[in-house]
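**Q** The chain contents come next:
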Amino acid sequence: MTPELILFFVLAGVALAGAINLIVQTHPIHSALSLIVVMVALAGIYLLLGAELLAAVQIIVYAGAIMVLFVFTIMLLNAGEEERTSWSRAATWVGIPLAVLLTVVLGWRMAQSGPVPVLAAETGSVSRRLSELLFTSYVFPFELTSILILVAILGAVVLAKRDF
Amino acid sequence: MSAFLASYADLLISVVKVLAVMLVLLTTVAYLSWFERKVVAHMQSRWGPERVGPYGLVQPLADGAKFLFKEDPTPEGVDRFVYFFAPFLALALAMSTIAVIPLGPGQLEIFGHRTWFSVAEVDLSLLVVFALTALSVYGVALAGWASNSKYPLLGGLRSSAQMLSYELSMTMSVVGIVLMTNTFSLRQIVEAQRGGHGGLQHWFFLSQFLGFVCFSISAVAETNRAPFDLVEAEQELVGGFHTEYASFKFAMFFMAEYAAMVTVSLMVSVLFFGGYLSPFPDTPAFHWTWYLPAASALAGGAALFFNGIRYHTPQGRMVLPVIALVLIGVGVLCALPAVIGVIQGPFWLAAKVFVLLFTYVWLRGTLPRLRYDQLMNFGWKFLLPLSLANVLLTSLLLARSFSS
Numbered sequence: 514m515t516p517e518l519i520l521f522f523v524l525a526g527v528a529l530a531g532a533i534n535l536i537v538q539t540h541p542i543h544s545a546l547s548l549i550v551v552m553v554a555l556a557g558i559y560l561l562l563g564a565e566l567l568a569a570v571q572i573i574v575y576a577g578a579i580m581v582l583f584v585f586t587i588m589l590l591n592a593g594e595e596e597r598t599s600w601s602r603a604a605t606w607v608g609i610p611l612a613v614l615l616t617v618v619l620g621w622r623m624a625q626s627g628p629v630p631v632l633a634a635e636t637g638s639v640s641r642r643l644s645e646l647l648f649t650s651y652v653f654p655f656e657l658t659s660i661l662i663l664v665a666i667l668g669a670v671v672l673a674k675r676d677f
Numbered sequence: 008m009s010a011f012l013a014s015y016a017d018l019l020i021s022v023v024k025v026l027a028v029m030l031v032l033l034t035t036v037a038y039l040s041w042f043e044r045k046v047v048a049h050m051q052s053r054w055g056p057e058r059v060g061p062y063g064l065v066q067p068l069a070d071g072a073k074f075l076f077k078e079d080p081t082p083e084g085v086d087r088f089v090y091f092f093a094p095f096l097a098l099a100l101a102m103s104t105i106a107v108i109p110l111g112p113g114q115l116e117i118f119g120h121r122t123w124f125s126v127a128e129v130d131l132s133l134l135v136v137f138a139l140t141a142l143s144v145y146g147v148a149l150a151g152w153a154s155n156s157k158y159p160l161l162g163g164l165r166s167s168a169q170m171l172s173y174e175l176s177m178t179m180s181v182v183g184i185v186l187m188t189n190t191f192s193l194r195q196i197v198e199a200q201r202g203g204h205g206g207l208q209h210w211f212f213l214s215q216f217l218g219f220v221c222f223s224i225s226a227v228a229e230t231n232r233a234p235f236d237l238v239e240a241e242q243e244l245v246g247g248f249h250t251e252y253a254s255f256k257f258a259m260f261f262m263a264e265y266a267a268m269v270t271v272s273l274m275v276s277v278l279f280f281g282g283y284l285s286p287f288p289d290t291p292a293f294h295w296t297w298y299l300p301a302a303s304a305l306a307g308g309a310a311l312f313f314n315g316i317r318y319h320t321p322q323g324r325m326v327l328p329v330i331a332l333v334l335i336g337v338g339v340l341c342a343l344p345a346v347i348g349v350i351q352g353p354f355w356l357a358a359k360v361f362v363l364l365f366t367y368v369w370l371r372g373t374l375p376r377l378r379y380d381q382l383m384n385f386g387w388k389f390l391l392p393l394s395l396a397n398v399l400l401t402s403l404l405l406a407r408s409f410s411s
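Same order as they appear, the protein sequences are chains A and B. Sequential numbering of the first sequence, starting at 514, is according to this note's numbering. Sequential numbering of the second sequence, starting at 8, is according to this note's numbering.
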């Protein structure tokens, strides 16, 4: 086993353990923390793949910004332990078979497809290549996403200002 | 044995580098608390620590021992795992940033092995620093929440809001530099400040003055230091997020704060003050500046020696001259031809960091604390637009220089 492979299994194990812990934990803060562990472990896997920019962005945006807001909200709402109702039991009975089905379908598709050709960054660094793509071929989706985010920010401001 | 050493040389060198940097960082953190108390005390016409050892120099050790042996009660109703985990997270994140910061120029040669003059050489080191900063919010926020107490919770919420707000302007204020240098690597950012023959006119605090102002202000806010230390406003929140922490867990938050001060000062000097570059031009007329590290150690040693032999306690009269002699020895060592080239980078970096740390303490001794709404207004309505304006201005100027 190469060191990379060992590292991959360690990171994948951490990510899986975090994901399972996320579901099993009854307290929202613990679940949120497990989600952060999953994201950091995924960032490690991206690093192993040589996608350094993606790893950094994964931590800055997901683990840093978005999850801080999650934790913030949970802390502010002072959410307590999760309660078990008849609905949650029903969700268990429907959810587990669906999850197994999803895993099987995804695994089957992945086993069928061959190795994906890796886009080697021959010209310049990865970040340069990414920004070139973003501002030439994909400039329309990029601008569209920006406008979408702007609208969401305006909506949030309007909602927050309503009681004035 | 030698074959083993040869095959694992890179690993060994890495371990040695990590240990050396950790040792220096931890000593700096310990003596930074002494330095801060001493400087603030003299600004307020007091003496500061002077009982434990000459000039109070053993005070950090005494504090450390006190923290280790104090009773460590765990309040009832805390969330045990998060309560114990938060101080570790805070300290680990605060101390790991230094790994990607370039400490000297180029590569070092140790027993025939070449290695970069930094703990880890990463292409995207600037992004790594921001990723670690983004995660450091959790230490404070989780500590406040897990304590299961009102004031720490308020302190933790305040700090997360503050760190999130100022992180934005801190990140935006660096975009100008990234645009000018076309890189995320801190080492290349430093090298871009070398210019033709070196000298401080190429440093980014001149060409990126707005960015420098934004970055240094938001960096102070990001480390929760005065005048932005609302997190621990005693009048309002008792002790802020660490109210329920005692003994060594409290000490860990304390160390994390000082380590963050050191790394932020390192970042400011790397981004805006040329990092390990000398402020003097790289011409033969300025070759004498190579002896400045040796000269400053010798001068410091001599001053300490003459003050030491006249110190008012017999113990001090014994210890201080010995420390002075060690300093003089270091000075002589720095003048040796084998060392003089290697010591230049770390010396200038350390000198810049020292000045910035002094400024940090100076701010604390001078400015009153901001009110919470003032803090938020300042961050969102002044600093963020200013840093955005800096991005706009820099890109316009760059576009003009490209087209002409």
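Everything labelled a hint here was simulated from the structure, so no lab data went into it. Where hints are given, some of them may not hold.
Stated by the list, open to error - Here are the computed distance ranges between Cβ atoms for each label pair:
1) Ser650(A) x Phe88(B): 31 to 37 Å
2) Leu562(A) x Trp387(B): 36 to 42 Å
3) Ser650(A) x Trp387(B): 49 to 55 Å
4) Thr366(B) x Phe648(A): 37 to 43 Å
5) Thr616(A) x Tyr38(B): 51 to 57 Å
6) Pro353(B) x Phe521(A): 52 to 58 Å
Everything numeric in this text was worked out from a predicted model, so none of it was measured. Positions of the beta carbon are idealized from the N, C-alpha and C atoms, including for glycine.
**Q** Each hint needs a verdict: does it hold in this structure or not?
**A** Results for each hint:
no., hint, in the structure
1, Ser650(A) x Phe88(B): 31 to 37 Å, "violated (47 Å)"
2, Leu562(A) x Trp387(B): 36 to 42 Å, "holds (37 Å)"
3, Ser650(A) x Trp387(B): 49 to 55 Å, "violated (35 Å)"
4, Thr366(B) x Phe648(A): 37 to 43 Å, "holds (39 Å)"
5, Thr616(A) x Tyr38(B): 51 to 57 Å, "holds (55 Å)"
6, Pro353(B) x Phe521(A): 52 to 58 Å, "violated (37 Å)"
In the structure shown, a violation is registered for the earlier hints numbered 1, 3, 6, in ascending order.
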